Amino acid sequence: MPKKILAVLSTPARFLGNFLLNFLYHTGSFGKLVYKTFVAFGDVRTWTGLVVEQMMRIGIQSIPVVIYISIFAGMVMALQAVKQFTSTVPLYIAGTVVEKAVLQEMASAITALVLAGRVGASIAAEIGTMKVTEQIDALESMAFNPVAYLVVPRLIAGLVMLPMLVVFSAFIGVVAGWLTAVSIADLTTFEFFKGAKQYVSWRDFALPLSKAVLFGFSITMVACYQGLNAKQGAEGVGAAATKAAVSACLMILTLDFFMATVILNA
Numbered sequence: 001m002p003k004k005i006l007a008v009l010s011t012p013a014r015f016l017g018n019f020l021l022n023f024l025y026h027t028g029s030f031g032k033l034v035y036k037t038f039v040a041f042g043d044v045r046t047w048t049g050l051v052v053e054q055m056m057r058i059g060i061q062s063i064p065v066v067i068y069i070s071i072f073a074g075m076v077m078a079l080q081a082v083k084q085f086t087s088t089v090p091l092y093i094a095g096t097v098v099e100k101a102v103l104q105e106m107a108s109a110i111t112a113l114v115l116a117g118r119v120g121a122s123i124a125a126e127i128g129t130m131k132v133t134e135q136i137d138a139l140e141s142m143a144f145n146p147v148a149y150l151v152v153p154r155l156i157a158g159l160v161m162l163p164m165l166v167v168f169s170a171f172i173g174v175v176a177g178w179l180t181a182v183s184i185a186d187l188t189t190f191e192f193f194k195g196a197k198q199y200v201s202w203r204d205f206a207l208p209l210s211k212a213v214l215f216g217f218s219i220t221m222v223a224c225y226q227g228l229n230a231k232q233g234a235e236g237v238g239a240a241a242t243k244a245a246v247s248a249c250l251m252i253l254t255l256d257f258f259m260a261t262v263i264l265n266a
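Going letter by letter, the sequence shown gives residues 1 to 266 in my numbering.
Think of the hints as simulated: they come from the structure by calculation, not from any bench.
Derived pair list, reagent style DSS-like, types lysine-lysine, alpha-carbon separation capped at 27 angstroms:
#, residue 1, residue 2
1, Lys194, Lys83
2, Lys231, Lys36
3, Lys231, Lys32
4, Lys100, Lys83
5, Lys100, Lys197
6, Lys197, Lys83
7, Lys194, Lys100
Here are the computed distance ranges between Cβ atoms for each label pair:
#, residue 1, residue 2, range
8, Val89, Gly233, 52 to 60 angstroms
9, Val52, Ile184, 39 to 47 angstroms
10, Gln232, Phe19, 19 to 27 angstroms
All values reported here derive from a predicted model rather than from experimental measurement. All C-beta atoms, glycine included, are put in the ideal place defined by N, C-alpha and C.
Modelling step: build the complete structure from the supplied sequences, incorporating the hints.
See the structure below:
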């Protein structure tokens with residue numbers, strides 16, 4: 001009986017210990033990959049011809065879904081502002097609410113979360129398939145640096161295209177919020193943009209752009225890491241894609257909080 005009680009009591013400790021060991025292992029391995037990636041930037045001839053293709057896949061092909069989510073994000077914020085926040089304040093404050101919400105939060109965070117599922121899972125599945133079919137070993141046998149060939153182009157594309165997509169998303173969101181607000185409320189275009197401009201600050205632009213750069217780094221690096229560590233078989237590739245999407249989303253939410261804390265308190 002005491003042995004059974006001891007086994008039950010030790011189960012949480014074993015679980016916590018295994019979790020901590022796995023966390024430290026993956027943190028160290030991820031840091032090692034980041035170091036190798038920055039070193040691989042010197043191998044310009046390997047990655048320079050692959051960047052444009054990855055920009056097309058990560059950025060241009062994501063535009064339709066970015067437009068869709070941006071339109072409805074702006075419409076929802078305008079609807080909430082008009083129906084709830086303007087009962088005791090001037091109606092033009094709806095423009096302030098839409099501008100602050102879209103620029104500071106929704107354009108960057110929602111765009112990054114959607115791309116974490118679309119782009120992150122795709123990158124992890126692609127690299128994972130190459131890993132389990134030994135194509136990465138073939139690259140090494142041909143004297144190619146796998147990190148320079150696979151990781152660096154995707155990282156550069158993520159760092160460049162995600163801020164562009166965030167700017168595009170913010171524009172679409174504000175326009176959708178403006179059209180919704182003037183359509184459903186007794187609010188003119190002049191009054192809407194009067195509210196949008198009244199409380200605008202440098203943080204409204206620094207926050208989404210800085211978050212977009214970090215989110216682009218997180219999505220691509222996490223996806224590449226999971227793909228390079230995929231297990232054998234179709235199940236392993238699927239698990240890598242799932243882990244990439246989930247891990248990237250968790251990193252995005254964590255970085256979103258810390259970046260907002262730092263910049264809004266600056």
